[in-house]
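There are 2 protein chains.
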Amino acid sequence: MSRLLEEFKEYLKEMNQYDHVTGLLQWDMQTTVPKLGQAAHVDALTYFSTKSFEMGTSEKLGEFLEKLAQPAEYDALDDTWRFIVKRMKRDYDRNKRIPADLYEAFVRAAAESGNAWEEAKNASDFSIYAPHLRNMIEMTKQVIGYTDPGKDVYDALLEQCEEGMDQATIDRLFEEVKTELIPLVEQITAKKMPENPTFHAYADPDAQRRVQWLLLDYIGFRRDAGAVGETEHPFTTNFSSKDVRVTNHYYETEPLSAMFSAIHEGGHAIFEQNVNPEYDNTVAGSCCYMGVHESQSRFYENILGRNINFWKPIYEKLGELLPQFKNVTLEAFEREINRVENSMVRTEADEVTYCFHIILRYEMEKAIFYDHVPVEKLPELWNQKMQEYLHITPENDAEGILQDVHWSDGSFGYFPSYLLGSIYDGMYLEKMEEELGSVDEILADGRIGEITKWLNEKIHWYGSTRTPKEVIAAVCGKEVSAQPLVRYMKKKYTRLYGLSEEA
Amino acid sequence: MSRLLEEFKEYLKEMNQYDHVTGLLQWDMQTTVPKLGQAAHVDALTYFSTKSFEMGTSEKLGEFLEKLAQPAEYDALDDTWRFIVKRMKRDYDRNKRIPADLYEAFVRAAAESGNAWEEAKNASDFSIYAPHLRNMIEMTKQVIGYTDPGKDVYDALLEQCEEGMDQATIDRLFEEVKTELIPLVEQITAKKMPENPTFHAYADPDAQRRVQWLLLDYIGFRRDAGAVGETEHPFTTNFSSKDVRVTNHYYETEPLSAMFSAIHEGGHAIFEQNVNPEYDNTVAGSCCYMGVHESQSRFYENILGRNINFWKPIYEKLGELLPQFKNVTLEAFEREINRVENSMVRTEADEVTYCFHIILRYEMEKAIFYDHVPVEKLPELWNQKMQEYLHITPENDAEGILQDVHWSDGSFGYFPSYLLGSIYDGMYLEKMEEELGSVDEILADGRIGEITKWLNEKIHWYGSTRTPKEVIAAVCGKEVSAQPLVRYMKKKYTRLYGLSEEA
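So the protein lines, in turn, are chains Y and V.
All the letters of the first sequence, read from the start, carry residue numbers 1 to 503 under this note's numbering.
All the letters of the second sequence, read from the start, carry residue numbers 1001 to 1503 under this note's numbering.
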């Protein structure tokens, strides 16, 4: 190893210490910190994010990257370090244009906006949040003005979340989804499925925690490299492949919620736990493409978790932990976990109407950044679109525009990733069945480990070293298309709801 | 405010950021981090502790303190900042003599030793821990050699934990305790108290968590400035008066354990939550005297929590949360929580024999630092002393010398603080009853808030600005003595065990 590379690695190690504690501060802010302790955490977060930003945009780092990109050094690097140098150089050139004081103000504003969002949601009062949202939108535009001068702001945001994606591509893919799924949902919702109160009966939160561990263990979450916290809104975060954390909530009368959150976040976590550990603490490790990431959480949650065969090997155990399920046949359970209906809240939506929740948010974000609709008009626009796609109107903003945390910390352009993830899943599923045979049979046999292994080897291992388009090309050998997802949904719901085959 | 003072405050603010994240890393290492994530946390902890140490021993800080100690600046300071400057100057002069690489090695060794202790305890194998303990002893001697050259090492350690305390004073106080309590315990243990299996029946951990909150709320723990975590060994930590955290464990068949841990840690926490908030993030805030700190946790746990009157206002509620207590009279409950017997584990011991657990550890520490007994002889010495004071012998080292975490991170000299705390409690109790009237009556009336207020105003508010001797002088107006504690115990246990009055 050259002396330069050695010094560069030392530099990265120090930079990583700052990222390590900012990650920990964020984890703690979500899971533990008391109300009055928030402000000190925000101060520390601002301080250490700024330190990390300074190191990530310093002259010294610029020199390292400049020198390492020269043939004399670059040619001697292995593939991993070539990727790291190239990727960091690109990000460096973009980020060093952001003024340090703007970055610091952005970090602080995001933390404060997060608190305001929470308060607004609890009070169901958009006006508490509006000035913060306006501020986050304006600051986001300013930041993009520096990182991607001359580029359409929303395209730049999409590119940040899912490299290679832009409005033109997403418009095409989402149009395919709309064309096919709108009539499918109409057909489904014309059929009424009876309610079963068992699914909304009291379920001991402690037993729900045990079910969560049953599920996490079952899908392959590694306890020695993972932890679980409790938050209102479940999420996954990681420090490296060796420390990956998920959170969950435990609604006393909605046990399915924690179960599917566990599988969803578990999917994210299994991804991170199985990235090549040599990439730990570099830009090569930890997948930074949100669509690719969501494709894994959603593959576990929907393609696997909402398949009756997933439950066959563990259904008895589930009944032992949550006795109410003893009175429910596996077939009734399957119908319940695939109940399709137009509903208010994205995170509780079924996998079919979920698509419309995303399309709505995508259109909202285009309205914000492309059409410049003012913040105070957004709740009304939200409600209009809810009517258009889901034929219902929120009773208040808490179950409407305030339901999601994302915009509060400036994560604009993230929402489309969820649907892109499902679109990728349709493609993975077809390829997986070509290579491994029927997923139904694998699941029914309790061989879910084979599926996880396939995903580990084809996708997880590469971390961030493959862009979304490269992942799809490597795994499926074709361009991205929504057709496989649509085929999967039509086949599944035609059977489940006894629809006519032409649907 | 002078420009110098302003710059000094900025400097402290930055230094505090490092302390903030080292505190958070330690909290997370105890409560959450998965096995494979430990190493990265140790790295970060070492990095940021070292940063903090560098700032705490820098030339720049030395200059600030030198200049602020000059009359021109010092005379213009208020009392708080005079204390801060004096205290920091004293600590600076001591700490700057420690070589930076020794400090870094100490922090890392302490973290590794903590892991080794845990492994050794789980395996009940002292040999896993022995080399780490030897190392911590040697490094501690080295550090003290720099901070307190020429001073007796163990006296220096005692002084660090409880300013103003030395072996001579502690020998005198502990001798008073031994003289009076050895015959008392003999009298008590001659009487057999029947076992009641209800106290060892299954108690839902979730219900135990609810009981914990009942108790924390009842004694005045503020939720908006506090949080609760789960660890094998309960502890309290704080970032400021606004973020104070306790932990607990929930043994399925030992509900009393979590209840009294909640009250004990709650006592520590109430102390920290009620320090003058102007002292936050300075050496004036957060009480650094361990005996004074333990006096508060032990006042709540023992003087209040083991008093039947404490329970009168909440006993019905307790029965609702843990139904097994519905079948136990309050009188039987009182007897159980005051059951005195010689037992292996300090943290589970009653308040009387607890004293001997501490005297044993104090003598062990004197053996280590004063008599230089080698590490491999310590388990044998431990077991000898267990026989001498408690007339029992541990079956293995896990329930013997490995039971406590303290030595693993170099907290030598801490143990005496627990008994010093109880000794102070005896004195506080007598003074409190002089000023407020009968504690029995106050508790029975549900006026526990008056007791907390008294402790807040007399003790908590001052944080670290009063040394232990100053606290005792200000609150009680006399020298430290163990007689009030002895009087309290003799009176209480003579009644409870029906002993003859001369005991």
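Rather than coming from a laboratory, the hints here were simulated on the basis of the structure.
Model, not experiment: these values are computed from the prediction.
C-beta atoms are modelled at their ideal positions from N, C-alpha and C, and glycine is treated no differently.
Careful: at least some of the hints might be erroneous.
Unchecked claim - For the chain V half of the interface with chain Y, some residues (derived, Cβ under 10 Å), not all of them: (1) 1003; (2) 1017; (3) 1020; (4) 1024; (5) 1090; (6) 1091; (7) 1095; (8) 1099; (9) 1218; (10) 1220; (11) 1223.
Comparing the hints with the structure gives:
1. 1003: violated, 22 Å
2. 1017: holds, 5 Å
3. 1020: Since chain Y brings a Cβ to about 5 Å from residue 1020 of chain V, closer than 10 Å, the hint holds.
4. 1024: Result: holds, 6 Å to nearest chain Y Cβ.
5. 1090: violated, 26 Å
6. 1091: Result: violated, 22 Å to nearest chain Y Cβ.
7. 1095: violated, 22 Å
8. 1099: violated, 21 Å
9. 1218: Since chain Y brings no Cβ nearer than about 18 Å to residue 1218 of chain V, farther than 10 Å, the hint is violated.
10. 1220: violated, 15 Å
11. 1223: Since chain Y brings a Cβ to about 7 Å from residue 1223 of chain V, closer than 10 Å, the hint holds.
Figure legend: structure checked against the earlier numbered hints; hints not met, in rising order: 1, 5, 6, 7, 8, 9, 10.
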